[in-house]
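As they're listed, the protein sequences go chains A and B.
To convert, note that position 198 of the first sequence is 197 in numbering that gives the first Met the number 0; the numbers rise steadily by one, no gaps.
To convert, note that position 252 of the second sequence is 251 in numbering that gives the first Met the number 0; the numbers rise steadily by one, no gaps.
It should be emphasised that the hints constitute simulated quantities derived from the structure, not laboratory data.
Careful, some of the hints might be misleading.
[Claimed, not checked] Simulated DEER-style distance windows between Cβ atoms:
no. : chain 1 : residue 1 : chain 2 : residue 2 : range
1   : A       : G297      : B       : P360      : 35 to 45 Å
2   : B       : R88       : A       : A296      : 52 to 62 Å
3   : A       : G297      : B       : A145      : 52 to 62 Å
4   : B       : W359      : A       : T22       : 43 to 53 Å
Just so it is clear, CB atoms sit at the ideal spot from N, CA and C, and this is done for glycine as well.
There are 2 protein chains.
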Amino acid sequence: MPLSEVDTPALLIDLDAFERNLTRMADLVRAAGVRLRAHAKTHKSPDIARKQLALGAVGVCCQKVSEAEVMVAGGIGDVLVSNEVAGPRKLERLAALARQARLLVCTDDLTNIDALAAAAARFAVRLEVLVEIDVGGNRCGVLPGAAAVDLARAIAARPGLRFAGLQAYHGRAQHIRGHGERKAEIDKAIAATRATVAALNAVGLACDIVGGAGTGSFEMEAASGVYNELQAGSYVFMDADYARVLAADGAPISTFEHALFVRAGVMSRPAEGRVVLDAGLKALAFDSGMPAVHGLAGVSYGRPSDEHGVLDMAGANAPLGLGDTVLLIPGHCDPTVNLHDWFVGVRGLGRAEAFVECVWPVSARGALF
Amino acid sequence: MPLSEVDTPALLIDLDAFERNLTRMADLVRAAGVRLRAHAKTHKSPDIARKQLALGAVGVCCQKVSEAEVMVAGGIGDVLVSNEVAGPRKLERLAALARQARLLVCTDDLTNIDALAAAAARFAVRLEVLVEIDVGGNRCGVLPGAAAVDLARAIAARPGLRFAGLQAYHGRAQHIRGHGERKAEIDKAIAATRATVAALNAVGLACDIVGGAGTGSFEMEAASGVYNELQAGSYVFMDADYARVLAADGAPISTFEHALFVRAGVMSRPAEGRVVLDAGLKALAFDSGMPAVHGLAGVSYGRPSDEHGVLDMAGANAPLGLGDTVLLIPGHCDPTVNLHDWFVGVRGLGRAEAFVECVWPVSARGALF
């Protein structure tokens, strides 16, 4: 099926760029001597997760039990819920899932450890538990050091639980633009993590997993000598926001390529210099800013409403007509993917003979629980 | 099933408030002597649309053909796609749907009128077409007056098409905070619409439908003597943004009640004054600002990420523990609904004996085409 027959708006994967991104990350982590546990919250797709595992990833991360359920059902045998799980229903689903696959989860609270142990006992499984430490994100996680040791001891003391290591992810730092500022934040995270690992070792607790890192910083954690499992996810697609993050040479990070696009169509051209697209709040996420317009110099997207976006054509080289299409690079890939039911995998995107090679469901779309 | 058994995050309807909203709007439009064609983009649910029709609404509006397909499949017999439809696939689906129900659509372009006529001919149906005029939104729509008359004549001249009137919706004005400024914008829209109706009448073209208006302004259009079909949608649920729109007395508009909530759960309480909820970018839309925290003075929601939101508890009267729940009023109801698969209808929300009375699918969730 030629790309021209795909109706708009549609979520496209440039399969050529996507495959290069997968291979490049696999090469980088192999060279660094660390493991990749790719974050599946980016793609929400067991089809893509299986490709990551085939290239050497040891498993995936998820943020919700319902995402983990989709991954296990899709054949992924090693899943870390890189997040706290609270409430009896979710804990029981987590424990039930541990009968089918290796299941790991994070905690930052003593009462939560008791609840995890109760769920593990009820389902006669062993849950592997990471202690999440707050390395600068100010979101979840206990303070590094003694507080983490206390929780690790509590985990190790519970039958049905196994202390598996540390979760030390600094999400906010991933998007810091300047390389120097980003490195300073990550260096602090590395130091706090190193000290916590040492404090655990001092009481006889080993960390099989020291996990964290994202697409904006993973080379720093990889070189730290402390982190051994990287949790990058966005590298498979990249997005407009990551294109604003700078490398050491001051240029945008170019390790990975844009591989995710929303193809939108022109539905109205009511006035000079104004073109209205059929993709707005329901087709793109805007938490990290406007989408970039791919390959059309002088054209910018703005003023999204539910089903519309307005292109400012003031600087355009050529007009757009009704039914013409444009490729938009989402501001933030993860929540954009969550708005769509399908990925349309395109071979040769940008060439006249581009065609649809595959369609993958966004299997964990809407997995909130 | 008691509300306490509903896992988080979940999209709740307060059925008592919701039913009062439906009845109140039905009473207001009846008293004003105008019709209600409720906008289904708010709820995306034929279950709710049928309740609106049962209370007197003449039909519904949709923004996409795929939404219209869901409404017709759900038993709604009179649907206006209050938007332009471009591209051969969408036009053919629109024409095919006109075999099953009364179908109306908007246009603002002569080549689009030719395409509508071709689709109507191919499916041997008659499509009713409104000319959209730009009454201040600067989005779609031709200028009021002569440009609209030209399009109306073109519609009337095409076999298979019927000129049905004007679409004159001023979306941006709905959310203008001050009553005076809002009224000034709507008065301009009313004047432009009145002049266009007169210009059409002068060439022998009658407007069966003069449609527009939303929840923020509908009483103004209802009293205009020109608009005869109101397209309000958000009134069924209301949202945090509409609560910031002021009535003539300077107080927030109180015609309708908040009836839509995201119930979120506490998943982490890692530091003094900070509580982390399990509802973020995947559970709530943020294009119109943060959600309001219902019934908890001194507590505010902020810093959303995909699966987290942080409550600032600095001014709270009481702590929240792991697994406790809070009710969030979404900033913008329409795109929030689009993130969920189900509405959980609750009777007696806010009382200890609150229970789940019904579960309705968000049938047109993700309807982008």
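Hints and how they fare:
For the pair G297 of chain A and P360 of chain B, the supplied restraint of 35 to 45 Å holds, since their beta-carbon distance comes to about 43 Å. For the pair R88 of chain B and A296 of chain A, the supplied restraint of 52 to 62 Å is violated, since their beta-carbon distance comes to about 29 Å. For the pair G297 of chain A and A145 of chain B, the beta carbons lie near 31 Å from each other, so the given range of 52 to 62 Å is not met. Remark: the range hint 43 to 53 Å for W359 of chain B to T22 of chain A is upheld by a beta-carbon distance near 45 Å.
In terms of the numbered hints stated before, the structure departs from hints 2 and 3, listed from lowest to highest.
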